[in-house]
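Chains A and B supply the protein sequences, listed in that same order. To convert, count from 1 in the first sequence and add 350; that's the numbering used here. To convert, count from 1 in the second sequence and add 5; that's the numbering used here.
With a straight-line Cα cutoff of 20 angstroms, these simulated SDA-like cross-link-like pairs (lysine to any residue) come out:
(1) K292/B with G576/A
(2) K290/B with G576/A
(3) K676/A with L686/A
(4) K292/B with Y467/A
(5) K528/A with V381/A
(6) K292/B with R471/A
(7) K528/A with E645/A
(8) K676/A with F94/B
A few chain A residues facing chain B, derived, Cβ under 8 angstroms:
(9) T469
(10) L472
(11) G474
(12) L482
(13) A486
(14) Y491
(15) A494
(16) V655
(17) I665
(18) L667
Label pairs and their computed distance ranges (CB to CB):
(19) S139/B with F651/A: 35 to 43 angstroms
(20) Y394/A with Q268/B: 50 to 58 angstroms
(21) M274/B with K391/A: 47 to 55 angstroms
(22) V674/A with Q185/B: 27 to 35 angstroms
(23) Y601/A with L294/B: 39 to 47 angstroms
None of these hints come from the bench; they were simulated from the model. Backbone N, C-alpha and C define an ideal beta-carbon position, used for all residues, glycine too.
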Amino acid sequence: MKQGTETKTLPQRSRIRQFPFSGIIAAVVLVVLIIIPFVLKSPYFVHIFIMIFLFGYLATAWGLVGQSGQLSFGHAAFFGLGAYSSTILYMETGLSPWLGMLVGAIVAVIAGAIIGYPTLRLRGVYFALATLAFCAILQMYARATQFIGPFTLGSAFGLWISPFSGAEGPLYFQFASKTPFYFIALGMLVGAVSVSYLLNRSRIGYYWTAMRSDPDAAESLGINVGRYRLRTLLISCALTAIGGSFYSQYYYYITPSQVLDLGLSLKIVVVGIIGGWQSVLGPLIGGFIIIPIDEVLRTQFGSSVPGLHLIIYGIVLMLIILFVPKGVNDWVMRGLRWIDTKHWRPSENANDKLERQ
Amino acid sequence: MAEQVTAALVAGILLGCLYAVVAMGLSLIFGIIRVINFAHGSMFMLFLYLGFFLWHLFGIDPYLSIIIIVPVAFAFGYGVQYVLVRPMFLREKAYVLEPLGVLLLLAGLELVITNGVLLGFGGASRGIVGSSISGVIHWGFIIVSRPRLIVALVGIGLSFGLHWLMNRTELGNRIRAVGQNREASAICGINVHRIYAITFGLGCAVSAFGGCAMLPFYTLVPGVGMGLAIKAFIIVVLGGLGSVRGALLGGIIIGVVEAVGGQFVPGTMAVIISLVIFLIVILAKPKGLMGLIEV
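Chain B with its partners taken away, still in its complex shape (with noise of 0.2 angstroms):
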């Protein structure tokens, strides 16, 4: 029984990471914009789709088409907020957002991409088979695969390169700054929009940075976005709503419950779990475990 609840402990762990990797760009965009991305799951989907047909269509293996990703999913991020959230936030007045209005406006988008996907590709699951990097690893009598592994490595590895940027570069700083006070950051010369679609971009970008390490064991149908945005949304409530490193520790927890807790009562039980973790937390600490943002 002991061995079985550390296999599930160690396979929770590496879930969560996997969760967390899409969580730390929703956490991100939302520390410094203040918006929820309800498309966030389908744009992820929609990256690795993107993925799936480099490989089907060119045969660039998974962890090689990060360097076409990455800037793809930049560049898109940047659109939309550039294109898209950015009227919203010239037509307020007073400078103070109207939160639901973007979320509605996200929530078309994301209806389009999943919709859009499921127009153009079908309804079939599809995977890669057969990337660079297969098989398991034992340590005594814990099995681990080898791309899983990857991914949790890439989570945790994303949250500190993200924590380094943030804190210890110009555009870090600057980044921080709009986070913190719009107008003041617009009287320091700092163009607000410019960073809001980097900010936005970067949150992408990181979640498809993660979305590449996945590619290669996970199954892909148009609604898998949604799914993992869902438990995404779960996870930076817990961790704390814009905070980075507050999505690792949410999504290891989610993942660490929806494993243990899946070897004890069925899977969807486990699942309601977490819903339930998720309304204590916010019963008791608003901000989150790590949360940055007063509520």
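Only chain A is shown next, with the shape it has when bound in the complex (with noise of 0.2 angstroms):
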């Protein structure tokens, strides 16, 4: 091959990879979204595609901390925290959860720090066994706790936020119907996709890369890998925090087997990892595929065939890692770049096949 002619290709190949469409494909979803409420008026629906966003937008936080290189087994901890501190605050001092929310994830992004300075800087599998037992202990003081200081924790049962009793209204996150919910929570899982999306282009994206393929070489370039994981998993906190505030206001009921429980952690792991952790959109993509078959499965089976849910859970999770390391989003892509090079654009693909002989 001649040399002008490889220079030629280059810049159209690395085209390719941009996937050309994308912009377009992400504006339809989102209107198919934003349209779907007026159209299915079922609350049934509306409360699986609320938990769809909800857990799509967790995954996406919780794979922020996976695209770092690091894998989190207690970001239950951390919703739990987000949930407890804007309930807390609403009933104690009458704080509307909207402000709540923020001090939860203040909260969150304090318990992250102190769990990840430690185990961060470390390879291998501390951060993954800290939080784990992180979460555990967290659910048990919450578990026998009734009261820390002035406020009231409600130890096994819980806390209910009384709606509409005394301070109310959207002012104080609280909706009559579930379709207000159903816009904050697509809206929380746009921003949190494009957080995602923006750290990826950003320079961390770039950290990101070097550390997850090999931290050792990253930190011979100078990156400072246990600062930047640490960064990264403070934003993760902070969103997961208030994922956890918007659970305790659209349920208006927490408890600790709810909301600091090591099944949610791993219910955001499966999320995530189906989907394609190490990803922007393998996240989102996982809630759509496991949440639907998890709430049909809970409401069919849950009350007869107790803990099935978590059973195909685990073999999901088994043959995800065994068959599909790279989540269900390689597949997505790969074959949205099949139809980009096969039909959308023949004379680059030519230039490819020039390229491999």
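Could you fit the two chains together into a complex? Lean on the hints.
Take a look at the structure:
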């Protein structure tokens, strides 16, 4: 091959990788999602979509840590801290959960720093084990504690928010129908995915790529791996805590066995892994796959066959890790790229073939 | 007060040996294969259930059931390593194992086992009544239950037995060789994947051996595995990942903190103290108290 043709093909090839219709597809999906609550009137379907968005959001936040090359089994802890913070502040001081949410995020960030600072410097599984232990211990503590200082924690029975008594209304994150929650959850999801996308495009995104493929090499190039992993974790903690506050306002009821549970941590993990952790859109795709299955299984078999949905999570998790380690996102991207090269850009496809020869 | 603390100290050491039994197998597996067996607690719980049903259905004494449960545990661990974890090793490129992938794989196994037991046997708590050894021993003001004392002795015995196996036998030499350098061992003609599977089986068998000794007084629910596993994770990091005797030391520290701390503060606070100790140790000495693995 002549020198000239080679230099010509290079920029085209790099454009193929940045797949061209992503903007259009994202816009179409978003419009469909905005129309859905006006078409599907059934609250049950709206509820399922809210759960898809919430878990897509949580898994995206969790996936940030994954993109930095670490694995958290304790995101339920940060979720629970957010849920408890906003609820306690609303019940004790009447502070609007919109603001309590931010306090919850700060609390979760502090907790994340305490867990992350000693463990994220280390390679291997220390962080995963520490988050797991933190989550389990926080749940034990919340179950056994009725009061912390002046605040009621409610032990294992949890906390009820009685809606529409006293301070109420949209200013206090209380809505009569599910539709506002739908749009808040959708907004949160779009926000989290945007954060993930923008971080990927920024300097820290390149650090992530370097850190997760080889932390030692990254360190030798002057990237402070521990520091950037900690920063990533703190962003993730704040986002997760906001998700927790949303959950507590959506259900008006939180208990340690719901919001601080290891099962919740693992659910976030499964959603993230199926879609493809270490990718931007993976967690979102995972939410769309696993949450409808989960909701149907729980409503159909939840009372008669306890633990069935968790068994299915476990099997799916093992199969994905063994056979599709990059997640379903990888298939989707490959499919789109295949369509792109086969049908939309035959000329570049020909170039591609030439180069391979 | 001094008497109470001394009694709590003894109780803590006994409790710590019980935790150490679970942690030892975990630490052995990590030390050689560099894989954290996330499903260790649930596998342990499964062996405890097996022991319970051997007693319940056939009337086999828990201490006698060791001769059945330990080989079963070995075979189960061998199978898990060979069927589930080995493909991850075969897939990896440039001999760098993605440890988080294996961790997730075993987390999936944990979910399947725990909830499979819940599905099969229900969530009711079970326990063995009337095994061959029972009762208490009085040493002055200290009262020790005999089955718990046996668990402690078993734990200490297992740690020395493993030390002997690893340092004084041909198999132990091979296992340690593979743990130190996989490629060099393979060049020397050691079947690495077989050694890995044996190690995994051995780790399960060690924990199951101790589990049989726990059966006479331990209350079984499907969730018991995860609770013990979380303690075991803390203990192995505290004692040093990969060190079997470190696991014994770490177990005793955590047991004593829980029991003695429980005299002064509520039980849950004592558990939080153990987490704080864990974080301080990681901060100050990431290798753990007797760690072998560089981090």
